[in-house]
Amino acid sequence: MSGQEMIGANPSVNSKWNLRRQTLAIIVISVLLLAAMTVSGFLIENEKLSVNLEARNSSPSLDHLFGTDWLGRDMLARTLKGLTLSFGVGLLTAFLSTIIALFLSLLSSWNKKIDHGVTWLIDLFISMPHVVTLLLISFAIGGGFKGVVTGIALTHWPSLTRLLRAEVMKVKTEQYIGVSRQLGKSRWWIACNHYLPHLMPQIMVGFILLFPHTILHEAAITFLGFGLSPEQPAIGIILSESMRYLSTGMWWLAFFPGLSLVIMVGIFDLLGNSIRKLIDPFHGQR
Amino acid sequence: MKLQQKEEPLPDLLEKDQPLLEVKDLSLSFRQYREGLRETDLQVISKLDITLYKKEIVAVVGASGSGKSLLASAILGLLPENAFLRGTINFKGKPLSPERQEHLRGEEISLIPQSVSALDPLMKTGKQVQAVIKGKNKKAVQQEIFDKVGLPSKTSNSYPFELSGGMVRRVLAATSLASSADLIIADEPTPGLDPFALKETVNYIKQLAENGKGVIFITHDIETALKIADKVAVFYAGQTVEIAKVENFCGSGENLRHPYTKALWNALPQNGFVPLPGSQPLLSEVAEGCIFHPRCPVKTDLCKKKQPESKSKNGEMVRCFYA
Amino acid sequence: MRTKRISLYILSQAAKLLTLLIAISILSFMLVSYSPIDPIRAYIGGDMLRVSPEQRANIEEYWGLNEPRVSQYLNWANSILHGDLGTSLLYRSPVAQVIAERFVASLALMAIAWLLSGIFGFILGIIAGMKKGTWIDRLIKGYCYVLSATPTFWLGLVVVIVFSVWLGWFPIGLGTPAGILEQDVSLTDYLRHLFLPALTLSIIGVANIALHTRTKLVETLNSEFIWFAKAKGEKGLKLLWRHGLRNISLPAISLQFASFGELFGGAVLTEQVFSYPGLGQAIVEAGLGGDVPLLLGIVLFSTIFVYVGNLMADILYKVIDPRIRKEWN
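Protein chains in written order, with our numbering: chain A, 217 to 502; chain B, 6 to 328; chain C, 83 to 411.
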């Protein structure tokens, strides 16, 4: 066993649960939990969401763990569907934002002028409150799925771009870049063969750590009424609808769906930070 | 001695026999994380011995990376959390426990730090020196010491960033002068000083010893060490390989007993400038035998297999089979 | 020399703000003008069927909707320069007036949350940093991580459930009691309606500042000057007070100023949950109701708001930090 060899070679590593194993375990568990949440949303048939007036307005019980709403729909099923949707929107927007960030940071390596332009664009986008920018873009596109995705994708790239740009600037001064330029390699070739491999770990971690933001903002903008349409089982919709019933004491309509979202976002945070710790322990050791 | 009451001050004569500081068989290692969070233990000091009496200056000489600066942290009890220390340190005859270290810091043990960033960037320098002065008139005492070390009086109202590197070093030395400590640890206090300031600093430190204090002078500069010290402890890769009296550094080093000390001495410009080939290993890289054997000109098969024990005589020490 | 530096600074900052506002106004005007939401329908509302095509054309001409976009923008920008932000379609009153009224309400909410979250966050951060690695540090860190994963509006809903529905201590929503004339609203009523939104916003704001303060304090405690201060015999709370707080206060206060954007965003969501009549609620209504002049007005206003926060953070450093202050004199 490799584990035994390690202990034999280095007597100080006596604990089975050293930091490396702990971190790896956290990553595996996080991935499993996220997968379980997402897949279960897919597996739930739509009839679970159908109206069942006999069982309406019931508080949490063994039959309906999260209770039911005013139409008798099972809140657990609605929540899981909502989480799957959140995951999907989060995935799509985080991916698009990462692509934008990667593109802009590579662009800024072109020359000083373009770099200034990119920096200016970053400053411009963070000069408005996030929610306001989102709301404006969503409004311009007319809301709905398209509006949310465009809005979130167009507002979440600045922080990652900053990070990647700094990294690009660091690599740019390396000798091998100069050598490649002198050998007549194209900028595209250098970007693909030198910058990209170097940026990969940062992109991975940055991508995962974008999820919490994109998911929360999707829920927020949907909650405000600019996002996904009311027919869709989104968490933001569930929570915004629940407001009408809170005064009647139906707390479970808001409590469990929101809590599930917190857990999902929290797991993404944990996953991203653990991976970062593993790749770059000097930043992770906080 | 045993009949003496604990609280009563010891007569000077008896006290002279008791070392101010005794470091015995000290080892220090760090637990570190490398990429991928793999744990490793990094041994930085092993089997260190140093004895210091009052009115004495012991220079600790070694190349950078030999672990000598960590000695200061170990005596002060200010090692990083991931450090692991074994062995004994006695101060005035009693072991230095963490509580005692905390109590004695600044009171009886004082440090002249290596780094010029040891001053709080947002606090006026005068106030920082006043922290170690006891009693009233702190400001007056501090001003007097600043005059003594040649700092203009407005320095006390300056922030560290307004001072030159040389001036900061003087402020740091002034901190030790201001304290009432018996043991001074000077951790590389001299680099970056011009020859005049260097001479001055050396004089302050000598003065401290003449006033009855003990000084550990940590440096990589053997020439300065020989100017100032009574004894020189030579550090190599975390081990003391020799402690020699200053008088023995003479001629072509025939009175020196360890080959590394000889090589250091002969590498000086006035002694022939003979360089020692190779470079200092990490302590953990030499698995077996004497730590110096890969570079030793007189090694034998025994040196490759077994670590030499230290041999002490008249306050001198050497760690070599053939000394 | 000093006055010259200061006037230069003011000039450069003013230029920065101006270019920022121009860029934001162009960008947001473009976005809004491509929106599929019909401003005339939004203006007229349900009576759309009774509007004849001629009348519609008249309104379009009156609003200048048939002109090219560039001249529409220039007209709008020109009237802004003359102090006219246009008329809100929803409130039927000048946009500037609506913003002013709403901002006062939001300001009360945001100011309380800003102060409370700043103070509590700072204290929590210091405790965690001092006790790094202990259970109390883990507890505070965990609390902050959970908070930063929590949607503001959900926290607002939980607060409503607990304090208004279960305990019945506070009203559910609305800035003032319904059905009472504005002049009859007492201060206590007003405060009762302010409390829960302010609480929500304060709780959310704690996480960021606490985690930042903790990191900064841990960093500072690992620095060489703290190490040397310990070697000089300083310890405990006195060490924290003399060297720790001195070095972490300014970054913390600056961060708090630089977080005006998140504060505003939080206010938008909180006001929505509590139907609190502030600027955040106004922008949501403007967006949903197609009230373009108000929407654009609030966009520009929020940009200035965020800018002022960043500016204050910057100036604070220049006034307080001796290293930067020196360069100025």
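Hints should not be assumed to be uniformly reliable.
[To be verified] Straight-line C-alpha distance at most 30 Å; calculated DSSO-like pairs for lysine-lysine:
1. B:139 - C:320
2. C:408 - B:159
3. B:59 - C:312
4. B:129 - C:320
5. B:129 - C:223
6. A:386 - C:400
7. C:320 - B:132
8. C:320 - C:214
9. B:250 - B:60
10. C:86 - B:159
11. B:132 - C:317
12. B:141 - C:223
13. B:29 - C:400
14. A:386 - A:401
15. C:213 - B:132
Since the hints were made in silico from the structure, they are not lab data.
Against the structure, the hints:
no.	hint	in the structure
1	B:139 - C:320	16 Å, holds
2	C:408 - B:159	16 Å, holds
3	B:59 - C:312	24 Å, holds
4	B:129 - C:320	17 Å, holds
5	B:129 - C:223	34 Å, violated
6	A:386 - C:400	29 Å, holds
7	C:320 - B:132	14 Å, holds
8	C:320 - C:214	18 Å, holds
9	B:250 - B:60	15 Å, holds
10	C:86 - B:159	28 Å, holds
11	B:132 - C:317	16 Å, holds
12	B:141 - C:223	43 Å, violated
13	B:29 - C:400	52 Å, violated
14	A:386 - A:401	20 Å, holds
15	C:213 - B:132	27 Å, holds
The earlier numbered hints that this structure contradicts are 5, 12 and 13.
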